[in-house]
Every structure is written in structure tokens, then in C-alpha cells.
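Asker: Each chain, written out:
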Amino acid sequence: SQTIHQWPATLVQPVGSPLSLECTVEGTSNPNLYWYRQAAGRGLQLLFYSVGIGQISSEVPQNLSASRPQDRQFILSSKKLLLSDSGFYLCAWSEDTDPTDTQYFGPGTRLTVL
Amino acid sequence: GQSLEQPSEVTAVEGAIVQINCTYQTSGFYGLSWYQQHDGGAPTFLSYNGLDGLEETGRFSSFLSRSDSYGYLLLQELQMKDSASYFCADRDPGRRALTFGSGTRLQVQP
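Read top to bottom, the protein sequences are chains A and B.
Take 1 as the starting number for the first sequence in our numbering and just add one per residue.
Take 1 as the starting number for the second sequence in our numbering and just add one per residue.
Just chain B, with the same shape it has in the complex:
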């Protein structure tokens, strides 16, 4: 089966850098995705790592280490609008579906 673990909550101040970790245990692994969800809204795709290393998209970066079964989402120059829940997800082998972690709620304080 698939299992992804994330911290439940992270707090940081505006302008700072924050890292949200995700560790996974899967019977097969394709890659790690990250989604952002604001309160009351729908999740939106942020990034995907299929290979080890860092992927950068503006203020957001995502990292994957297959050997450590570990990834993280890095948010730089935090803004108040970054307050949201962040989910990591892994594609399940043998079916066209993702398994999502339980989510990390990020609170950005002034």
C-alpha cells in the first residue's frame, strides 16, 4: 500500500523560508507531487518530481530523494497568501490514481 507522512502544522513569518517535509512508504514509486489548498477552495497542482533533485518554480521549489524515500516543498519569501494546506501525493502503481498525504497546514504570520 501507499503511505505518505507530513507534519500537521507549520508556522512561519512573512518573508521567511519554510520547508514542508514528506516521507513515503510505497510498494512502488513513480514520483512525488505537491498540491496547495486554501481554506474552502479546491487543491491546485504546484510541482512534480519524477527524478532525484530540486525543481524550482518561482518562489516554490520541490526536492526528492528516492534513496531516502523523502521529499520536501520549499517556500521562499513567504507571503500571507501562502497560508494554506499543502499535500504531497504519490501515484499508485497499477492504477491511475494518486494517494495524498494528510496535509500540512501552513500559517504565515505578519
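Same shape as in the complex, but just chain A:
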């Protein structure tokens, strides 16, 4: 069966510090991968998605970037965090062959920027 891992679960970082969040998927090949951010009590904002190694589509221009160095690894980074980067970050995957793009989410990382 497929599993998705995200770490860390919680993170408190000062403004201006760098960020690296990692997501890995097990039990599937060539998944589509996604990074979302969710503000408290709000909906899901798609940040990046990837259909293959090295293929990244950016949805929202901001100080975040994403990379996919391996088939089942997706990394979200920032060189300098802003207060507005606080939120709940969710990684998700979908089957490449699934036309419905049903997404399976990781447990999330709760980021607080102070």
C-alpha cells in the first residue's frame, strides 16, 4: 500500500531564516506531487505541483520554491521566511494514471514564523 511522509510535524522559525520541508511517498511510481498551504480556518492554496523529476509548476509567485530530486521526493524551500509564510503545509500525491486526480495527503507541517 502507499504511504506519504512529511516532516517535521511542527516548526517554529524566525523571520528571515531558511526553510526546508520534505515529503516522500512509498509504494507507487511516478506519482504527481503537490504542495499546499492552508491558513487557519481557510481553504487549500496550491503552491506547486510536479508530474515528474525536475518538473515543477509554480502556482503562486512568492518567496517559496520546490524541487523534486527523486521520483518520490518533493521538497519545499525558502531562503528567507516572511511572517505571512506561517500556515499548515500539506504535501499530497496522486496516481499518474488516475484521470480524477484523487489526492492523498500527508500529515502536514504546521509552520509558525515569528
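Simulated from the structure, these hints should not be mistaken for laboratory data.
Check the hints yourself; a few may be wrong.
Claimed, not checked - Pulled a few chain A residues facing chain B out of the computed Cβ check, cut under 8 Å: (1) Y34; (2) L46; (3) Y49; (4) G52; (5) I56; (6) S57; (7) S58; (8) L90; (9) T100; (10) Q103; (11) F105; (12) G106; (13) P107; (14) G108; (15) T112; (16) V113.
Unchecked claim - Anything over 12 Å on all C-beta distances counts as not near chain A; from chain B, calculated: (17) D68; (18) K81; (19) Q109.
Even for Gly, the Cβ is constructed at its ideal location relative to N, Cα and C.
Model the placement of chain B on the given structure of chain A, informed by the hints.
Answerer: Here is chain B on its own, set in the frame of chain A:
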């Protein structure tokens, strides 16, 4: 672009039936999905409607009308554990991604 609208909050009592509506405006439409998210948790997939009509999964059912650009999630025999946020989502044409509605917070009261 894609736009999905849902009520922000719905309240119901245990054992009752509740319907959460979703209307959409999209440049292309593939189908409507529903996800459930408990406070502090990650969203989980509930159902998908690719064709018009009703899909039933246990106590949950989902309906789609393409001609009306409308769908709903029906929850029967409500339980306290059903208190959560519910999101409808549509797959975007031309890219492998979903657009989510803003979510409906369901509160089940005893």
C-alpha cells in the same frame, strides 16, 4: 479559471441528515470530488462524481448535475465524529491539479 462556492458553515444535530452544496464555474469540467478534514488533520478523499447522478458510500452520498453546475454532499445519520470541514474540488483542465472550494465547516450537536 476555476471557482467553487460552498456555504461557510452548517450546523445539524446528531442522527439528522445534512446537505452541503457546491456550485462551480469552470472553463472546463472533469468531475467533482469531496474531501473531509478534521481540525488539525489532513484532508481525506470521500467521493468523486464524474457523471451526473448520485454516488453512495455508506452514510455519505454525493450528487452531481453538470447542466446546473452544481453538486452536493449528503451525510446521513450524523455522528459527532462527522464534525469537520468539507471541501469540494474540481480537476483543472490542462494541468494535473485540483481547485478546492473554500470549505464548509460542519458542526454536529448532540
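Asker: Decide, hint by hint, whether the structure agrees.
Answerer: Structure-based check of each hint:
Look at Y34(A): its Cβ gets to within about 7 Å of chain B, closer than 8 Å, so that hint holds up. For L46(A), the suggested interface contact is upheld, since its CB lies about 6 Å from the closest CB of chain B, less than 8 Å. Checking Y49(A) against chain B: minimum C-beta separation of about 5 Å stays under 8 Å; hint holds. With a cut of 8 Å, the hint placing G52(A) at the interface with chain B is violated, because the nearest CB-to-CB distance is about 10 Å.
Hint status for I56(A): violated, given a least beta-carbon distance of 12 Å to chain B, over 8 Å. With 8 Å as the threshold, the beta carbon of S57(A) comes within range of chain B, its nearest partner Cβ sitting at about 7 Å, so the hint holds. With its C-beta approaching chain B no nearer than about 12 Å, S58(A) sits outside the 8 Å limit, and its interface hint is violated. About 6 Å separates the beta-carbon of L90(A) from the nearest beta-carbon of chain B, less than 8 Å, and the hint is met.
The interface hint given for T100(A) is met, as the beta carbon of that residue sits about 5 Å from the closest beta carbon of chain B, less than 8 Å. Hint status for Q103(A) relative to chain B: holds, with the closest Cβ pair at about 6 Å, below 8 Å. Checking F105(A) against chain B by beta carbon gives a least distance of about 4 Å; that is within 8 Å, so the hint holds. Evaluation of the G106(A) hint against chain B yields a held restraint, the C-beta minimum of about 6 Å falling below 8 Å.
At a threshold of 8 Å, the smallest CB-CB gap from P107(A) to chain B is about 6 Å, leaving the interface hint in force. Among the interface hints, the one on G108(A) holds; its C-beta lies about 5 Å from the nearest C-beta in chain B, closer than the 8 Å criterion. Evaluation of the T112(A) hint against chain B yields a violated restraint, the C-beta minimum of about 14 Å exceeding 8 Å. Annotation: V113(A) was flagged as interfacial toward chain B, and the flag is violated, the nearest CB pair being 19 Å apart, outside 8 Å.
Separation of D68(B) from chain A is adequate, the least Cβ-Cβ distance of about 21 Å exceeding the 12 Å criterion. Its beta-carbon lying about 19 Å from the closest one in chain A, K81(B) satisfies the requirement of being farther than 12 Å from that chain. Here Q109(B) stays apart from chain A, with its beta-carbon at least about 19 Å from theirs, past the 12 Å limit.
Of the hints listed earlier, those the structure fails to meet are numbers 4, 5, 7, 15 and 16, in rising order.
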